[in-house]
Amino acid sequence: MNTFKRIAVTAFAVAALGVGAASLAAAQDAPQGNATNGKRIFLADGCFTCHGRSGQGGAYNGPAPILAHTALPFDGFKGQLRNPADDMPAFSEAVLSDKDVADIYAFVQSLPGPSSPKDIAILNN
Amino acid sequence: MPKRRQSPDASRRNFLKGAGLVGAAAAVTAPVAATAMPAVPAEKLKAALPGPRQVAAETMPPGNDPVNQSTSGGDFMTDVLNSLGIEYMAINCASSYRGLHEAIVNHGNNKPEIITCVHEDIAVHMAQGYAKIEGKPMAMACHGVVGLQHATMAMYNAWCDRVPVLVVGGNIMEADKRAPGAEWVHAGVDIGQIVREFTKWDDQPASLQHFAESAVRAYKIATTPPMGPVFLSLDAELQENPIPDAESLRIPKFVPVTPPQGDPAAIAQAAKMLVEAQNPVIVCDRMARTPAGMANLVELAETLQCAVIDNAGRMNFPSRHPLNQSFRRAMIGQADVILAIEMNDLWGTLTHFSDRIVRKSRPAYKSDTKIVTLGVRDLYLKSNYQDFGRWQDVDLDIAGDGEASLPALTEAAKRLIDDGRKAAYAERGKKLAAAHLAMVERSKTDATIGWDASPITTARMCAEVYNQIKDEDWSVVGTAIRLSWMHRLWDFKKPYQWNGVSGGSGVGYNLPASLGAALANKKHGRFTLAFGGDGDFMFNPGALWTAAHHKIPILYIVHNNRAYHQEYMYLVAMAARHGRGVDKMDIGTTIKDPNIDYATVARGMGAHGEGPITDPKDLAPALTRAIAAVKAGGPAVVDVVTDPR
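Sequence order for the protein chains is A and B. This note's numbering applies: residue 1 is where the first sequence begins, and numbers increase by one. This note's numbering applies: residue 126 is where the second sequence begins, and numbers increase by one.
Don't read these hints as lab results, they were simulated from the structure. Since we're looking at a predicted model, the values are computed, not measured. Check before you lean on any hint, since a few could be wrong.
[What the hints assert, rightly or not] Computed list of lysine-lysine pairs in DSS-like fashion (alpha-carbon distance at most 27 angstroms, straight line):
{"hint": "1", "chain 1": "B", "residue 1": "Lys619", "chain 2": "B", "residue 2": "Lys647"}
{"hint": "2", "chain 1": "A", "residue 1": "Lys39", "chain 2": "B", "residue 2": "Lys742"}
{"hint": "3", "chain 1": "B", "residue 1": "Lys742", "chain 2": "A", "residue 2": "Lys118"}
{"hint": "4", "chain 1": "B", "residue 1": "Lys717", "chain 2": "A", "residue 2": "Lys39"}
{"hint": "5", "chain 1": "A", "residue 1": "Lys118", "chain 2": "B", "residue 2": "Lys555"}
{"hint": "6", "chain 1": "A", "residue 1": "Lys118", "chain 2": "B", "residue 2": "Lys569"}
[Said to hold, decoys possible] Derived contacts from chain B toward chain A, CB cut-off under 7 angstroms, selection only:
{"hint": "7", "residue": "Ala572"}
{"hint": "8", "residue": "Thr573"}
{"hint": "9", "residue": "Ile574"}
{"hint": "10", "residue": "Ala588"}
{"hint": "11", "residue": "Ala698"}
We put the CB at the ideal spot given by N, CA and C, even for glycine.
Work the whole structure out from these sequences, hints included.
Written as structure tokens, this is what we have:
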């Protein structure tokens, strides 16, 4: 498997999804989720395996996008879970209820996003 | 591995002494044969106490049968290997090549230097890693049947990676010379058969002169692009017995093959296409064979001011070069001409592939994009194993070694570039440089997420390591964190700072291949380091003993995510697809309960061990201690408990 190629394919798909989802769901409010339960599911159901425990992103067949403090609206987030645009597995209601999805969303929203690399000296070698 | 038990037939190694000796040998063997005559089941024969006749046969002097010899075929074989400049022979010792082994140690004064390995897979992988740093093969020796069976997966990795390795395996060709027991189950009519589908050439020499010519031929074939492993079956009698006619033996002259260059007319056509293109893109994989390769590619890219996408099968292109667009694959979709140099998987590189219920694919490039290939990979293929990948349509297919053909291509392009084009190219180069810089800055920002988390993020791990080795003359020779943070953030610019990956994706490559590369780097005084997965580590942990025994300095960082993580993700995908049990996919995919303490394992092998490191604040001091141990001349392992990717 070609790592770089996979990275590019998924990155493109994720970017496309983000733009589309933002325009479709920007006006919709996210349901109230339980971040604590969302963290439990995130770790138990394998979300962390691709996206990292801190939501820092990772890789499956290609890059798995950053979820920490995601700007993705809830409907876009849920849409990607139910009917992914790329190689990400589709999580149906049989394995993740809408409540579970809301909890996971609340968890990833609670994660701190990126900070300035200028504050971390060893990132500037 | 079972080794040959002591043979009661004291005459076996002296068969070639002459007919007069045969009679003496027969006299000695007769009692043994008589002892073995009764129809006793084999297992009972092994367990039974020796009778008086057998004791006599094993303890009495063998009459006129000679017990010493002044020459051996192994001596000549050693001379042949040394004539080829082979520095090392990695081995797991075995009786079927004891003649050669002893000859190397005594006649050759341990030249080639024996590298003791505890598994044949380690020995071959070491040779693979060594060749990719040193630019030439080392040898590996193994038992002919069971040892070669152990060696096969590593030989397959070397084959897929197009790396030269000279493998020799002992065998006893003549049935009437084999002792009872192990020598029969460890002999074969054609032992090379099991590796023939993934070696470039093999032979079973029947005489010493035959060996000499086949060894030189094997070396030449292995080192001629497309390179690959070769195998020689060495008859034990040939190794052990006296040289019957030394005056007639001759070591052939080795002259390396000049790598083939692309046809001049085709090179000129490619140059014209590249020069006239609006958005030419170069993709490459196993292009750089020598230190000249990277410089040649930089010159072509700068001449054209075009994007380079490096699949990093070798150290092809500097990571911080502004034209390096390896993390901007969308460039492929904008290209009007693609030059693909020494690609391993061209179709995979140029295709969007979907790993879903219905597997679909579509080109990543535009329908009118012209594709030019330059390389030698397809000049030598085999049928069974499918490492050649899927067919890719191209517009111009140039058979020629990439590195050797680049200077002619660059000169042809320069001749076609006028001042107007130069100005346009400069503008193109500025845009690419800005995009490269933006990618680097984005990567730094992404790396901050989870910076203080435990388990430690791979971004933090890589940053901490680089911070401590950046001022060394470093060479990173293994990765378990994909081509990610290192290639995005580290300054790769020297030909030996990277040497690619396993080739065949056979797990167990990283630790021993990194040691082989470290062995090559040792004499150059370079600081070798590698990242390896925990799963990979457990295939060949014994490699650390070899590193400690031979004092091979290497900093080995275990990316310990306590799982065969890619498989973990695949199982989650399968469960999600089936709508069931996504929370149970750690079964069979994780390496925990108990957690393995890799630092303790390392110390048990004689290496320095640090960890397990779970708090990122502890990582820097652990690395400092480990680096000091490496600088003292040995291997050091740092077990970093990490987030998955």
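Which hint numbers doesn't this structure obey?
Those not satisfied: there are none.
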